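Student: Chains as they are written, first to last, in our numbering: chain A, 1 to 472; chain B, 1 to 605.
Simulated from the structure, these hints should not be mistaken for lab results. Since the model is a prediction, treat every value here as computed from it, not as a measurement. One or more hints might be untrue.
Simulated DEER-style distance windows between Cβ atoms [as the list claims (entries may be wrong)]:
1. A:I173 with B:W578: 54 to 62 Å
2. B:G29 with A:S52: 35 to 43 Å
3. A:V170 with B:I604: 39 to 47 Å
4. B:W590 with A:K25: 37 to 45 Å
5. B:L546 with A:S52: 43 to 51 Å
6. A:S354 with B:L521: 43 to 51 Å
7. B:L521 with A:A396: 55 to 63 Å
8. A:E431 with B:P535: 55 to 63 Å
9. A:V132 with B:L546: 50 to 58 Å
Just so it is clear, CB atoms sit at the ideal spot from N, CA and C, and this is done for glycine as well.
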Amino acid sequence: MTVLFAVLLPTIGAFILPLAGKVSKLLRNILALLLVSCSFILSLILIPSALSGHIESFRVAFPLGLDFVLAADPLAVFMALVSSFVGSIIVLYSFDYINHYENQNEYYAMVVLFLGSMMGLVYSQSLIYLYVFWEITAIASWRLIGFYRSPKDVLKADKSFLVTAFGALVMLIAFIAIFGMFGTFDLTVLKGHVLPGVLIGLILVGILSKSATLPFHTWLPDAGVAPSPVTALLHAAVLVKIGVFVFARLFLFTFNIGVFWHTAVPVIAAVSALVAAGAALIETDMKRIIAYSTVSQIGFIFLGLATGNPVGVAGGMLYILMHGIAKGGLFLTAGIVEQNTHNKDITKMGGLISTMPLTAVSFLFCAFSVMGIPPFGGFFSKFMVISGAVDAGQIAISITFIIGAFMTILYLFRMFNLVFLGEARGKLAAEGSKLMVFCVVLLAIMSLGSGILISYPADFVRIMVSQVGGIR
Amino acid sequence: MIIAIILLPLIAGLISLMVPDRLKGVKEGIALFSTIIGLIIAALLFKQNIMFTIPWLGFGIDLSFRLYHFSAFILLAIAGFGAAISLYSVAFMWGKEKLNQFYAYFLLTVAFANGAVLANNLILMLFFWEGLLLTLFGMIIIGKKEAFKTAIKAFVIVGITDLCLMLGIALTGSLADTFTMSMISLPTSGLGALAFVLLMIGAIAKAGSMPFHSWIPDAALDAPLPFMAIMPAAIEKLLGIYFLTRISLDLFRLNPGSKISLLLMTIGALTILLAVMMALIQKDYKRLLSYHAISQVGYMILGIGTMVPAGIVGGLFHMINNALYKSCLFLSGGSVEKQTGTTDLSKLGGLGKQMPITFICFIVAAVSISGVPPFNGFFSKEMIYDGALERGWIFYLAAVLGSFFTAASFLKLGHAAYFGKSETANKTKEASWAILLPMIVIAGLCVLFGVYNPLPLHALIQPVLGAKLEGRDFAGLPTNAIIVLITLVVLAAAVLNHWFGVRRTGKGIGAADHIHYAPGLSQTYDLAEKRYFDPYDIGMKIANWLAKLLNAVDKAIDWIYEKLTVGVTFAFTSAIRWSHSGNVSTYVVWSLAGAAVAIIMVLIR
Chain A
1 MTVLFAVLLP TIGAFILPLA GKVSKLLRNI LALLLVSCSF ILSLILIPSA LSGHIESFRV
61 AFPLGLDFVL AADPLAVFMA LVSSFVGSII VLYSFDYINH YENQNEYYAM VVLFLGSMMG
121 LVYSQSLIYL YVFWEITAIA SWRLIGFYRS PKDVLKADKS FLVTAFGALV MLIAFIAIFG
181 MFGTFDLTVL KGHVLPGVLI GLILVGILSK SATLPFHTWL PDAGVAPSPV TALLHAAVLV
241 KIGVFVFARL FLFTFNIGVF WHTAVPVIAA VSALVAAGAA LIETDMKRII AYSTVSQIGF
301 IFLGLATGNP VGVAGGMLYI LMHGIAKGGL FLTAGIVEQN THNKDITKMG GLISTMPLTA
361 VSFLFCAFSV MGIPPFGGFF SKFMVISGAV DAGQIAISIT FIIGAFMTIL YLFRMFNLVF
421 LGEARGKLAA EGSKLMVFCV VLLAIMSLGS GILISYPADF VRIMVSQVGG IR
Chain B
1 MIIAIILLPL IAGLISLMVP DRLKGVKEGI ALFSTIIGLI IAALLFKQNI MFTIPWLGFG
61 IDLSFRLYHF SAFILLAIAG FGAAISLYSV AFMWGKEKLN QFYAYFLLTV AFANGAVLAN
121 NLILMLFFWE GLLLTLFGMI IIGKKEAFKT AIKAFVIVGI TDLCLMLGIA LTGSLADTFT
181 MSMISLPTSG LGALAFVLLM IGAIAKAGSM PFHSWIPDAA LDAPLPFMAI MPAAIEKLLG
241 IYFLTRISLD LFRLNPGSKI SLLLMTIGAL TILLAVMMAL IQKDYKRLLS YHAISQVGYM
301 ILGIGTMVPA GIVGGLFHMI NNALYKSCLF LSGGSVEKQT GTTDLSKLGG LGKQMPITFI
361 CFIVAAVSIS GVPPFNGFFS KEMIYDGALE RGWIFYLAAV LGSFFTAASF LKLGHAAYFG
421 KSETANKTKE ASWAILLPMI VIAGLCVLFG VYNPLPLHAL IQPVLGAKLE GRDFAGLPTN
481 AIIVLITLVV LAAAVLNHWF GVRRTGKGIG AADHIHYAPG LSQTYDLAEK RYFDPYDIGM
541 KIANWLAKLL NAVDKAIDWI YEKLTVGVTF AFTSAIRWSH SGNVSTYVVW SLAGAAVAII
601 MVLIR
């Protein structure tokens, strides 16, 4: 039952938030935070059972193969922990960020609904409910991206919705075909089956569009028009991880995919990582740079997962964690800078380290983690991904990714340099509110702590990886 | 004990980061105390053999440490420099800003360096090794207000080489099926060669070899001086050459005459010559030294690259000698900077009388680096010459030419700073004892390691080679009399050259002008001073060009969404709209035509 509550509390609770907002803003805010952190706490409670092998599950039988199945296996618990933790911090950050805009009730409802359906997605053991939750996240993010409601914002929101929904529909075709072949949507039953290449390709279209990978990635930088906590939620912590999660869920833990895909996916990921890194070096809009960085880093996750060997998969999983924390921190620091300078163009900033030192240092910490500098967490995930790829014999692809990692250093430093160092070319704004700074400092410390205490997540991931069926 | 030598400076560093600037003397006390204790521990650990493993991440990534003669030797050297330079820093940095950060980065550097040396697992080593990036960045950025540009430059250069190292380690681990260093022994063929080159890039870049050098001269001007004495002059050289030796002797089975050996020797020879040519024309005390910090690495790489015993022993001996005299030289520069407020050679002069102890230490270090007998640099250079000559006269020629320019540039530096006249000279006093003591100790070691070279060679260096030494002993006087004779002739030529230059311009600082402004060289020097040859700037141009290309690809893909898809959709809908004209008779015709098609299809079946 714990797993059911982890999903239902935020999903249903989201609809109470607008009502709570009529009573008191503070009540609504705290309730939103409680709902999201409840998922986190419930997922924490699920850890022992997930690791011991007695996986807690919940099942309601429905006709036509529409059984509602939730199960808290290590993969699901890991993903739920990462997204609900980062999600909680983002909700907390929103208190101060969003409090002078309109439509706050809808904002909190959509954020919590989004995180709730994310919980549903990760715990689902049925293809059809996976799809349903997938589309709920798409609708919620559509509302959230167009939050400011200017025609341009709405256009970009439509773009992201159309691209991801297109991908999802293509994926749905594959799901229906799977039902036609095996007569069930239940992933526990489907485990170990071999999928035809066409279906893998169709599902991959959905995955790549959701995880903003080439050639379906351009909606992600455009979605930077959203409020910063939303971009953090969408681009860093949760939405883009859906694709990589489903990749792991379907192609590592459920179906067997052929050798061809173990090479094809890294190639796509490599091109994506390089092209996005190049764009990040040219762009001048702060949030677009970080968004392109996400596209680039997602490539690393795909590489790790697609290697199919334990080191690579474990690296990919750790990458999800490290990137979620660090990139969330980067977006939130960008949010502080954006809100206080009323500017997103990095060529019109500079010298901000003198007025917002904590934000600057937090940015640097998170950037170090994304770059993969020890002792920050990103180091381990980056090394393990590369090591897995080399083990899989993909030397050329590994070299490409090393170039990508190098460009990561360049664009993050370019940004840090232009925003925080040197002469002030724009307004020298004051530090953000205490609550917002607390959130980014927390994420910065987490970036460092996740590296120093790496053995805990690594233990978790090791047990998870030992259950992967598709590993060669 | 092993863990203590890593944790002690680490914890001390973190504590001093938290000490507020108000409490004067606390950070200094912590730094001094922890480095001296570190030196004692390192001395106690010397000659011990310890190896142990603690599980960490799994996947072959363990906390595996190994103390044996080589790591104990480097450990002792790091601890020695750490203690000397922390004493120096107390006096030199006193009263400056951001001291808590300085001491924190300083102690963390020592901790990470100790960790990297002791690690017996390649990934653990990489963890500490790459961690040095942070302290490097931090130490430079606290220097001047504009120092962040240099800090970023250093970070980017060292960062990319660390990424190469990361790939190399992944590849090595994959080939050897283990990350435990003491269990790896790979051939350098096929992928093994690639792995070696990647590891080598990491090693020589840490040591500061060309083409990964160009941040060092910039940092010489921007970073606090003790940073130069501890990082590029001592710890980075020790680490880089330590790892280069490890991969060349232990991790890979390298042969003399192999292409990789040739590659190493070429890099070494080019680094010697190009960097020393740049050093010759510098007009700033610290910047001149920084180019020598690069040039001297060339000797070590050349020596180890020869893959013959004389060369390897010489390379390692040169590593420790260079760390001694180079940090002594930087410290003398700091002493001058502290007392006169400048390191610009055109403003300095006549300091020999006012600062006699600094001057003597400078002379000892300068003659050591120039390879004058019986100082330590002479003996290590002779061995490298010996090894280089065994592999090809061209490498020997490069090394000897390098020595000529080294001697010439130190004659120029010494003349310009300590002889002659300047406005400030008479008012200048000798530095305080805390600044002088480290210099005196280090200069003393330069003499000791030369006059009594069996001490370092027998106790520190020759055990590293073990069986590869082939039973030879390089202690005592050089065996090849002809090489020694040539060395002496070259040194004499350098003195003559200096005399000529000074007579021509009348000033010590102009001693190299006849080379600087020689036809052909003059234009090349101009371009080099304008950074046309800076690999960093060239690399940045390439990266920028690549980024533009990739960005164009990205924007082309976006065009498909923004323009093509939208265009096609509108074209399609407008075509459909055209057919919905509202004219009933048209609709009737369409319907009849459709029905006709349907009927025909049914009939055909």
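Student: So, for every hint listed, does it hold in this structure?
Tutor: Here is how each hint holds up against the structure:
| no. | hint | verdict |
| --- | --- | --- |
| 1 | A:I173 with B:W578: 54 to 62 Å | violated (31 Å) |
| 2 | B:G29 with A:S52: 35 to 43 Å | violated (51 Å) |
| 3 | A:V170 with B:I604: 39 to 47 Å | violated (34 Å) |
| 4 | B:W590 with A:K25: 37 to 45 Å | violated (58 Å) |
| 5 | B:L546 with A:S52: 43 to 51 Å | holds (49 Å) |
| 6 | A:S354 with B:L521: 43 to 51 Å | holds (44 Å) |
| 7 | B:L521 with A:A396: 55 to 63 Å | violated (42 Å) |
| 8 | A:E431 with B:P535: 55 to 63 Å | violated (39 Å) |
| 9 | A:V132 with B:L546: 50 to 58 Å | violated (42 Å) |
Checked against the numbered hints listed earlier, the structure breaks hints 1, 2, 3, 4, 7, 8, 9; every other hint is satisfied.
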